[in-house]
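K.L.:
Letter by letter, the chains look like this.
2 protein chains.
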Amino acid sequence: MRASILTIGNELLIGDIINTNAAWLGTFLTLHHIEMVRSVTVGDSEAEIVHMLKDCSKVSDLIIITGGLGPTHDDITKHTLASFTGGKLIEHTPTRDFIVKNFEKRGIPVSPSNLLQAQVPDTCEVLFNTHGTAPGMWFKKDDTILVSLPGVPSEMKHLMEKEVWPKLAEQIGANGTLYRHYLHTAGVGESTLSDLEIGDISHLLVNGVTLAFLPHTHGVTMRINSTGKSDEEARAKTKPLLEHIRKKAGQHIFSELYDDDLPRAFGRLMTEKKLTVAAAESCTGGLLGSKITDVPGSSRWYNGSITAYQNELKTKLLNVPESVLKAHGAVSKETALIMAREVAKQTGSDIGISTTGIAGPDGGTDEKPVGLVWFGFWSAERHFAMKAQFFKNRITNKERTALVALDLMRRALSDIESMPYNAPVFNV
Amino acid sequence: MRASILTIGNELLIGDIINTNAAWLGTFLTLHHIEMVRSVTVGDSEAEIVHMLKDCSKVSDLIIITGGLGPTHDDITKHTLASFTGGKLIEHTPTRDFIVKNFEKRGIPVSPSNLLQAQVPDTCEVLFNTHGTAPGMWFKKDDTILVSLPGVPSEMKHLMEKEVWPKLAEQIGANGTLYRHYLHTAGVGESTLSDLEIGDISHLLVNGVTLAFLPHTHGVTMRINSTGKSDEEARAKTKPLLEHIRKKAGQHIFSELYDDDLPRAFGRLMTEKKLTVAAAESCTGGLLGSKITDVPGSSRWYNGSITAYQNELKTKLLNVPESVLKAHGAVSKETALIMAREVAKQTGSDIGISTTGIAGPDGGTDEKPVGLVWFGFWSAERHFAMKAQFFKNRITNKERTALVALDLMRRALSDIESMPYNAPVFNV
Chain H
57 MRASILTIGN ELLIGDIINT NAAWLGTFLT LHHIEMVRSV TVGDSEAEIV
107 HMLKDCSKVS DLIIITGGLG PTHDDITKHT LASFTGGKLI EHTPTRDFIV
157 KNFEKRGIPV SPSNLLQAQV PDTCEVLFNT HGTAPGMWFK KDDTILVSLP
207 GVPSEMKHLM EKEVWPKLAE QIGANGTLYR HYLHTAGVGE STLSDLEIGD
257 ISHLLVNGVT LAFLPHTHGV TMRINSTGKS DEEARAKTKP LLEHIRKKAG
307 QHIFSELYDD DLPRAFGRLM TEKKLTVAAA ESCTGGLLGS KITDVPGSSR
357 WYNGSITAYQ NELKTKLLNV PESVLKAHGA VSKETALIMA REVAKQTGSD
407 IGISTTGIAG PDGGTDEKPV GLVWFGFWSA ERHFAMKAQF FKNRITNKER
457 TALVALDLMR RALSDIESMP YNAPVFNV
Chain W
57 MRASILTIGN ELLIGDIINT NAAWLGTFLT LHHIEMVRSV TVGDSEAEIV
107 HMLKDCSKVS DLIIITGGLG PTHDDITKHT LASFTGGKLI EHTPTRDFIV
157 KNFEKRGIPV SPSNLLQAQV PDTCEVLFNT HGTAPGMWFK KDDTILVSLP
207 GVPSEMKHLM EKEVWPKLAE QIGANGTLYR HYLHTAGVGE STLSDLEIGD
257 ISHLLVNGVT LAFLPHTHGV TMRINSTGKS DEEARAKTKP LLEHIRKKAG
307 QHIFSELYDD DLPRAFGRLM TEKKLTVAAA ESCTGGLLGS KITDVPGSSR
357 WYNGSITAYQ NELKTKLLNV PESVLKAHGA VSKETALIMA REVAKQTGSD
407 IGISTTGIAG PDGGTDEKPV GLVWFGFWSA ERHFAMKAQF FKNRITNKER
457 TALVALDLMR RALSDIESMP YNAPVFNV
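Heads up: the sequence lines are chains H and W, in that order.
All residue numbers for the first sequence refer to my numbering, where the first residue is 57 and numbers rise by one.
All residue numbers for the second sequence refer to my numbering, where the first residue is 57 and numbers rise by one.
Okay, chain H solo, but in the shape it has when bound (with noise of 0.2 Å):
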């Protein structure tokens, strides 16, 4: 089965409002072994509203609508849909008698635009929508099956989850499943990943087992999809392809799980190994820390921070020598490595991990160009300090600094050699 998804509304359009219905359909469909085609917006307009109908009947077997069907007058999806599959407006009786009973358990008088809710083509049969005032819908015409629903995506996602889905699986029946795996990396690009990396992988993508590279902050994620008559099946068509991967860049790997990132898999080492850490932060301001405490349960791992961004506070708080700031600047290996060692034995923690760097966009040299960052690493077995150098964007070299650092501790205390994109590590 082929779907598209028809999202409708100015405020999508003109960007008021980021279409995450959109987003979240697509997921639900893709886990339901439904195949997108296409997603498209239009605006409060007849006229687009039934051109992308008919272009889109063309290569879906199902088109899911959302939004326009509020009561005010530049909603317009009902009227469309009607004239569309040839029906006209009736009223919905269940629908009437539910919001009328609301309005009343609300103390609210109904009024006539909120009755006009309970219109519904007669081509149409109704989804009850218990979250709200709007009904969906679902059509038939000619070959494809046409669902309308609410923009509200509480109300949205009932429906689909509640109404939809069953009747759609009662159509596909079952044949077969969709297996994914995902493979999230941090610390290489996805060039150097996918060509130095792993390599030419063309005679592992067979028998329907497929490999996406998808770009995200932490880094890249693989996701590799195959497809058979069981799960198991389909699973073992992938395990080629995983094995090879895992053997050629498992040092990228820092986690398989569907839903996770570099933060987390980051706590669930630090929980295994049962160690502390403490930050010390100059470019990142703060992030690095921050980072860390977005995850549930971070001060079992966590003692605390202190960022020193003026050069003074260096050496107040974390004891950097005025000597090495004169002699070494404070994005340096020296200044670095003091910083994590400082922070390490002040919050009495197993790790100290430092940041100093010139985020941007202002405040660089020929020698100390904006971007360069500085990373010490600081515990009893091991002492370093690593290189980088980023871009021109101060956030981006925030993000990517706090990233970085995460990854850097990752593969220190998981014996990995290689450190994110091959920084080079000075040992002392």
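Treat the hints as calculated values from the structure; they're not laboratory data.
There could be a bad hint or two in this list.
Identical chains blur together in the list; that is why a pair holds if it fits in one copy or across any two.
[What the hints assert, rightly or not] Quick list of in silico lysine-lysine cross-link-like pairs, DSSO-like style, CA-CA up to 27 Å:
| id | residue 1 | residue 2 |
| --- | --- | --- |
| 1 | 443 | 157 |
| 2 | 401 | 382 |
| 3 | 303 | 329 |
| 4 | 110 | 197 |
| 5 | 161 | 448 |
| 6 | 157 | 389 |
Once you have looked at the hints, place chain W on chain H.
P.N.:
Just chain W, lined up with the frame of chain H:
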């Protein structure tokens, strides 16, 4: 001028990524008086891309295409645009040089697929991308302008603002104008702002003047629209409404600049008052300092912060007596005040701000439920604590707490009596 947006990528279609690019572009084009017709997402399929390019051309003078420009095999936008416009791929030397130089600078070998990024159709004008390796492209096909941009949001936005808009402005000329005025508020909910503070304004919504409430993480932005033959005429029409809103809700408005946020507005206030700040964080884990340092030049007003996530560190690093922690707890007025005072003292800052609360999802009690946060404010002139009750979600609680801390300081430094969300204040 009428525009459509075509976003390309399976990851968008199946909802792995939410399509924020389409929303940003919709807003950008609307603000620049270009009418949005349609926004379409298709997967990495040449047939779908070509079909939608043809179909959108019929109703659009401009099509903005994003995504599918990466170096891997599933990125097919460039080849598709080359064949659609009757061109062939050639190397763009400045882009190649830029790529090589960038990889050299970072000490990473250039892979063949990186160099493929410098290939462009000979039918396009290259929009040079200083923020990444994939260049933007400008085509004219029959009567329609096609603009292809990378899918990475920061690169897309940069090219749109710096390269695409100047070229579009040339084409459009000026006939009539749409004026927009933004009022960014913090520390007030949408319904309180609209119903209780601003009240009935129907008599001011005349002559085509409209008011929209746009909720953001920082609070609510109000957008006033009006049209006229000239910018002056459109502007003049909004004056009565603007004056009414400023009079009724002025204390919540932190900025009236088009593109702004609370950290930047706070930074301007600090610069204007020549003040410095330091943060003592607990439940925000570093996020408050990170938000402050998102602003370029923040080293002028931000000295640093101490995050004492563990109680022992509140004593050791911030001198909160064990007896205070025992008697009142870490989440208390007393602890918040000492944290604020101590961080100001230790960092030599004019203002100390503190956050201590229960971020959740666990750790709450009947007396101190999840979402409870105490703030401390300490300056030479004024010391006070403030209590707020947020919700159950950890990430939202951290975000809200950091933003309320900024708004609290904005109000205190601007002699505004009311606090964010009318939270209770305890002066000492």
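K.L.:
Now tell me if each hint is right for this structure.
P.N.:
Structure-based check of all given hints:
no., hint, result
1, 443 x 157, "between (53 Å within a copy, 18 Å between copies)"
2, 401 x 382, "both (23 Å within a copy, 25 Å between copies)"
3, 303 x 329, "within (24 Å within a copy, 58 Å between copies)"
4, 110 x 197, "both (10 Å within a copy, 25 Å between copies)"
5, 161 x 448, "between (46 Å within a copy, 13 Å between copies)"
6, 157 x 389, "between (55 Å within a copy, 24 Å between copies)"
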